[in-house]
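Using the sequences plus the hints, can you model the full thing?
2 protein chains.
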Amino acid sequence: MEKNLYKNLFEKLDLGKRVVIATVLDNNPCNSNSFQNKILLTQEDLIKYDKASSFYETIYEKAKYALETGNLQFVKVSEEKTYLIEPYFPEPNLIVLGGGHIAKPLVEFGAKAGFSVTVIDDRPSFANKPRFPEAENVICESFEKCFDLINLNESSFVVTVTRGHRHDMDCLRKILKYDTAYIGMIGSKRRVKGVMEQLLSEGYSQEKLNRVNAPIGLEIGAVTPEEIAFSIIAQVIQYRRLFDRTTGTIKKSKTNWPEFDRDVLTKLSEEDNLSKAVITIVSTKGSVPRKEGAKLLITSNGELVGSIGGGCSEGAVINTARYMLRNNITYQIERIDMTGDVAENEGMVCGGIMDVVIECFNF
Amino acid sequence: MEKNLYKNLFEKLDLGKRVVIATVLDNNPCNSNSFQNKILLTQEDLIKYDKASSFYETIYEKAKYALETGNLQFVKVSEEKTYLIEPYFPEPNLIVLGGGHIAKPLVEFGAKAGFSVTVIDDRPSFANKPRFPEAENVICESFEKCFDLINLNESSFVVTVTRGHRHDMDCLRKILKYDTAYIGMIGSKRRVKGVMEQLLSEGYSQEKLNRVNAPIGLEIGAVTPEEIAFSIIAQVIQYRRLFDRTTGTIKKSKTNWPEFDRDVLTKLSEEDNLSKAVITIVSTKGSVPRKEGAKLLITSNGELVGSIGGGCSEGAVINTARYMLRNNITYQIERIDMTGDVAENEGMVCGGIMDVVIECFNF
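Protein sequences appear in the order of chains C and W. Using the UniProt record's numbering, read the first sequence as starting at 1 and increasing by one per residue. Using the UniProt record's numbering, read the second sequence as starting at 1 and increasing by one per residue.
Just to be clear, a hint being listed does not mean it is correct.
Computed list of lysine-lysine pairs in DSBU-like fashion (alpha-carbon distance at most 30 angstroms, straight line) [claimed, not checked]: (1) W:LYS129 x C:LYS104; (2) W:LYS254 x C:LYS104; (3) W:LYS291 x C:LYS104; (4) C:LYS76 x C:LYS17; (5) C:LYS12 x C:LYS64; (6) W:LYS252 x C:LYS208; (7) C:LYS193 x W:LYS285; (8) W:LYS189 x C:LYS291; (9) C:LYS252 x W:LYS208; (10) W:LYS104 x C:LYS254.
Keep in mind the hints are simulated off the structure, nothing from the lab.
Here it is in structure tokens:
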């Protein structure tokens, strides 16, 4: 059952959806298996269950906050019960349509900014891996057909920088069918105006066209291809961190991207019969190598997957997790104090404190 | 005399000054040597000679415009006279104080954006060339003493991203003594407020402190070191392209950086006895490899320095220049038509038209 939950998690993420997994950690020995205490929620679920029963009210409230901010919530609601609300965000994709002189630095910057980058051009000499070593995917296909090969969704940031505004317009017609995180189109004010008027006359709504950032990029007076790429990536980051999809405006507080341990989650979704303990960081203080949400998994046959940052103190928690697996203990909260671990090293102050929750998944 | 003009040009540029060289191209055979017809002007000269005689009025007006916009001016004022107004801008320097996790991507981005980058830290493990391969200079020195080793001027963009706000504050005290193009300091709003209050109490004027961009960078919600570096470089580019020093505000039209052929200008400043012809692009139309201001020099002993973009049609102008050198012709205006040179190649339309002026410097 828990395996299905994590399979479901991956399915939602592949669709570009943000997900929350809410866990009720219960001291009551009658609810001894944390498996039954996990629920997966998406934005759509939260809207649907807006008027949830008061029993779930706190969970839904915290889940909403986690989806918005990317911050993990660890809330003790009673002596018996603690809620662990973990947000999981899909990896943001940067789709660059056109492989010319602006795409070259943009693809590089996109990868540096943490995007999985796809670049598309219909000319083999522009759409090839050696030209774009930082791209996850390089697709050589017409701008007409390429949309069948990519997956545009709420986590897609789409930039059209093709060699001509006719191609840009063709792309735009396709892109506007999808619900994407960002759309930007290159072009002078005059050219952009022409494209917009054309699309309006074809029946595209003004509201839809307003989603297009054109002329593209923040207004920094960019001249060179590199400068234009900087202005674009700055705007894409702004949309990733500050754009509020519900209001369509730039908000004040920035969205965090939660830690994501793919290997751990994959392991949890696998059809083996191993018992597993998962250590999750739930709060940190000071300088720590990994943040809230980072995970380390220990299987009953001794395998270790993921990391909560290493250090001497980590060993003690691993031993605790092993003890719990042997003795069928459901969950436990532990503190890892690393303030003594690392000395002041060339001026970089290291060391911090983190609280972790250890959950056992017994099969 | 002309050699001194070009030496003077380099001296001014080294001080971070923008320079205009105005040339009067005269058909009157009495003024046969263009050497006597060149004048070098800086912003200060233009302010000083604001009320210039009407004889120079057009030159001063055009020179002002060239200094502001970076655009070369080529103006026929009468049947006999044409003015060539060439702006020369110093290479912009990015000075990064602190060699930590933000400096790492910032130095790389700075070089990509066309800055000559200097990075400074007092820790050898942070201030070393392998860590910053893209930096022009890596200086390992205390933040106290390093200012004696660098040249801060109107072309300097200074970023303080040291490991502590005490160091940032020490740096700021030094930087504020200079007239720089940009100052930015890292830090949270709270921390920045503390630094500013401290410096105010030490007697620094509010006006001076207002020059400091702190918290640094455009507000894009940057979280990771790379994102912070993107937000900083975007702001630095904005200051380079759009900041109006005279009004202290962001302007609408962007400043161009004129082409700069160091080798050609160096050759013109040299103490040899060679006659030289210089071909300068004065206007372009369509897709051309180099822009207004680009230069190609031909010496009387056949040496070629610099480039106006190559292509078959370039050869004809070189022949004209050689003929002029042999026959003591002062200057000539020529058109280079490259529209037939390069065919449409994989969708990239090449070819354009450019006007050049050929000037002979006879010794």
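Cross-check of the supplied hints:
1. With a C-alpha separation of about 26 angstroms, the suggested pair W:LYS129 and C:LYS104 falls inside the 30 angstroms cut-off, and the hint holds.
2. For the given pair, W:LYS254 sits about 23 angstroms from C:LYS104 by alpha-carbon distance, which is consistent with the 30 angstroms threshold.
3. For the given pair, W:LYS291 sits about 22 angstroms from C:LYS104 by alpha-carbon distance, which is consistent with the 30 angstroms threshold.
4. With a C-alpha separation of about 27 angstroms, the suggested pair C:LYS76 and C:LYS17 falls inside the 30 angstroms cut-off, and the hint holds.
5. The suggested pairing of C:LYS12 with C:LYS64 holds, with an alpha-carbon distance near 16 angstroms, which does not exceed 30 angstroms.
6. Taking the CA atoms of W:LYS252 and C:LYS208, the gap is about 28 angstroms. The hint holds against a cut of 30 angstroms.
7. For the proposed pair C:LYS193 and W:LYS285, the alpha carbon gap of about 24 angstroms is at most 30 angstroms, so the pair holds.
8. Between W:LYS189 and C:LYS291 the alpha-carbon distance is near 23 angstroms, which keeps this suggested pair within the 30 angstroms criterion.
9. Distance check on the hinted pair: C:LYS252 and W:LYS208 sit about 28 angstroms apart at the alpha-carbon level, within 30 angstroms; holds.
10. For the given pair, W:LYS104 sits about 23 angstroms from C:LYS254 by alpha-carbon distance, which is consistent with the 30 angstroms threshold.
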